[in-house]
Amino acid sequence: AQSVAQPEDQVNVAEGNPLTVKCTYSVSGNPYLFWYVQYPNRGLQFLLKYITGDNLVKGSYGFEAEFNKSQTSFHLKKPSALVSDSALYFCAVRPGGYNKLIFGAGTRLAVHP
Amino acid sequence: EAGVTQFPSHSVIEKGQTVTLRCDPISGHDNLYWYRRVMGKEIKFLLHFVKESKQDESGMPNNRFLAERTGGTYSTLKVQPAELEDSGVYFCASSLAGLRGQSYTFGSGTRLTVV
Chain D
45 AQSVAQPEDQ
55 VNVAEGNPLT
65 VKCTYSVSGN
75 PYLFWYVQYP
85 NRGLQFLLKY
95 ITGDNLVKGS
105 YGFEAEFNKS
115 QTSFHLKKPS
125 ALVSDSALYF
135 CAVRPGGYNK
145 LIFGAGTRLA
155 VHP
Chain L
2 EAGVTQFPSH
12 SVIEKGQTVT
22 LRCDPISGHD
32 NLYWYRRVMG
42 KEIKFLLHFV
52 KESKQDESGM
62 PNNRFLAERT
72 GGTYSTLKVQ
82 PAELEDSGVY
92 FCASSLAGLR
102 GQSYTFGSGT
112 RLTVV
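Protein chains in written order, with this note's numbering: chain D, 45 to 157; chain L, 2 to 116.
Only chain D is shown next, with the shape it has when bound in the complex (with noise of 0.2 Å):
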């Protein structure tokens, strides 16, 4: 079966260092990989997206994420955390073919000042 897992339910980082929020997949074919971000009574953002080419990518508010083939993993990072970065963090995958997303269950984070 397709399907995406984020290991963390929720991450604790201090403001101003640097930030991990974990993503594995197990789909078909070449996917297309995402990272959303949702803010307490708002829709899903999107932060960023892996297509092809470099696997690191850049995406919105300094957030960027790192496609490695062979760990099927796709880690969204930040280099400084910031407390209005705290949020709920979805990686969502779409496999080969199809055009669907395959979504984790999120990953809370928590930036304390």
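Calculated from the structure, these hints are not laboratory results. This one's a predicted model, so the numbers in the text were calculated from it and none came from an experiment. Please note that the accuracy of each hint is not assured.
[To be verified] Capping the alpha-carbon separation at 35 Å, the derived lysine-lysine pairs in DSBU-like fashion look like this:
1) D:Lys113 to D:Lys102
2) L:Lys79 to D:Lys121
3) D:Lys66 to L:Lys55
4) L:Lys55 to D:Lys113
5) L:Lys45 to D:Lys93
6) L:Lys45 to D:Lys66
7) D:Lys93 to D:Lys113
8) L:Lys16 to D:Lys113
9) L:Lys55 to D:Lys93
10) L:Lys42 to L:Lys52
11) L:Lys79 to L:Lys42
12) L:Lys79 to L:Lys55
13) L:Lys42 to L:Lys16
14) D:Lys93 to D:Lys121
15) L:Lys42 to D:Lys121
16) L:Lys79 to L:Lys16
17) L:Lys16 to L:Lys55
18) L:Lys79 to D:Lys113
19) L:Lys16 to L:Lys52
20) L:Lys52 to L:Lys79
21) D:Lys93 to L:Lys16
22) L:Lys45 to D:Lys121
23) D:Lys93 to L:Lys79
24) L:Lys45 to L:Lys55
25) D:Lys66 to D:Lys102
26) D:Lys121 to D:Lys66
27) D:Lys102 to L:Lys42
28) L:Lys45 to D:Lys102
29) L:Lys52 to D:Lys102
30) L:Lys42 to D:Lys66
31) L:Lys79 to L:Lys45
32) D:Lys66 to D:Lys113
33) L:Lys42 to L:Lys55
[What the hints assert, rightly or not] Computed from the model, here is a short list of chain L residues facing chain D with C-beta under 8 Å:
34) Asn32
35) Tyr34
36) Lys42
37) Glu43
38) Ile44
39) Phe46
40) Phe66
Idealized CB from N, CA, C, for every residue including glycine.
Using the hints provided, position chain L relative to the given structure of chain D.
Just chain L now, kept in the frame of chain D:
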């Protein structure tokens, strides 16, 4: 451009009642998707329209759920009769035609509570 609009934003209904959720996609987006997140779990695909046609409805949980997209514009998702396990957040998304490299724009979601 206007984003994907969903309403209502919240709905509380009793078990056995009917609820209709609406989604207005971005103008010109042929693809429209419904997803839902139940009880803090992963967001799951429900179905996909291309214009007014159902392209993939493999994620629809049962025949109590009916989705329509008349005229290929807005879409409705009706739950009849609603059950307790239908509670969750229902997201709509839209995208341009074609597969390669497209991005999906999501609405703010409808939080459905069945009591």
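Now for the hints, and whether the structure bears them out:
no.	hint	result
1	D:Lys113 to D:Lys102	holds, 17 Å
2	L:Lys79 to D:Lys121	violated, 39 Å
3	D:Lys66 to L:Lys55	holds, 34 Å
4	L:Lys55 to D:Lys113	holds, 33 Å
5	L:Lys45 to D:Lys93	holds, 19 Å
6	L:Lys45 to D:Lys66	holds, 19 Å
7	D:Lys93 to D:Lys113	holds, 15 Å
8	L:Lys16 to D:Lys113	violated, 46 Å
9	L:Lys55 to D:Lys93	holds, 26 Å
10	L:Lys42 to L:Lys52	holds, 29 Å
11	L:Lys79 to L:Lys42	holds, 22 Å
12	L:Lys79 to L:Lys55	holds, 15 Å
13	L:Lys42 to L:Lys16	holds, 22 Å
14	D:Lys93 to D:Lys121	holds, 13 Å
15	L:Lys42 to D:Lys121	holds, 23 Å
16	L:Lys79 to L:Lys16	holds, 14 Å
17	L:Lys16 to L:Lys55	holds, 28 Å
18	L:Lys79 to D:Lys113	violated, 40 Å
19	L:Lys16 to L:Lys52	holds, 32 Å
20	L:Lys52 to L:Lys79	holds, 18 Å
21	D:Lys93 to L:Lys16	violated, 39 Å
22	L:Lys45 to D:Lys121	holds, 24 Å
23	D:Lys93 to L:Lys79	holds, 32 Å
24	L:Lys45 to L:Lys55	holds, 17 Å
25	D:Lys66 to D:Lys102	holds, 16 Å
26	D:Lys121 to D:Lys66	holds, 9 Å
27	D:Lys102 to L:Lys42	holds, 27 Å
28	L:Lys45 to D:Lys102	holds, 26 Å
29	L:Lys52 to D:Lys102	holds, 32 Å
30	L:Lys42 to D:Lys66	holds, 16 Å
31	L:Lys79 to L:Lys45	holds, 17 Å
32	D:Lys66 to D:Lys113	holds, 14 Å
33	L:Lys42 to L:Lys55	holds, 25 Å
34	Asn32	holds, 7 Å
35	Tyr34	holds, 7 Å
36	Lys42	holds, 6 Å
37	Glu43	holds, 4 Å
38	Ile44	holds, 4 Å
39	Phe46	holds, 5 Å
40	Phe66	violated, 16 Å
In the structure shown, a violation is registered for the earlier hints numbered 2, 8, 18, 21 and 40, in ascending order.
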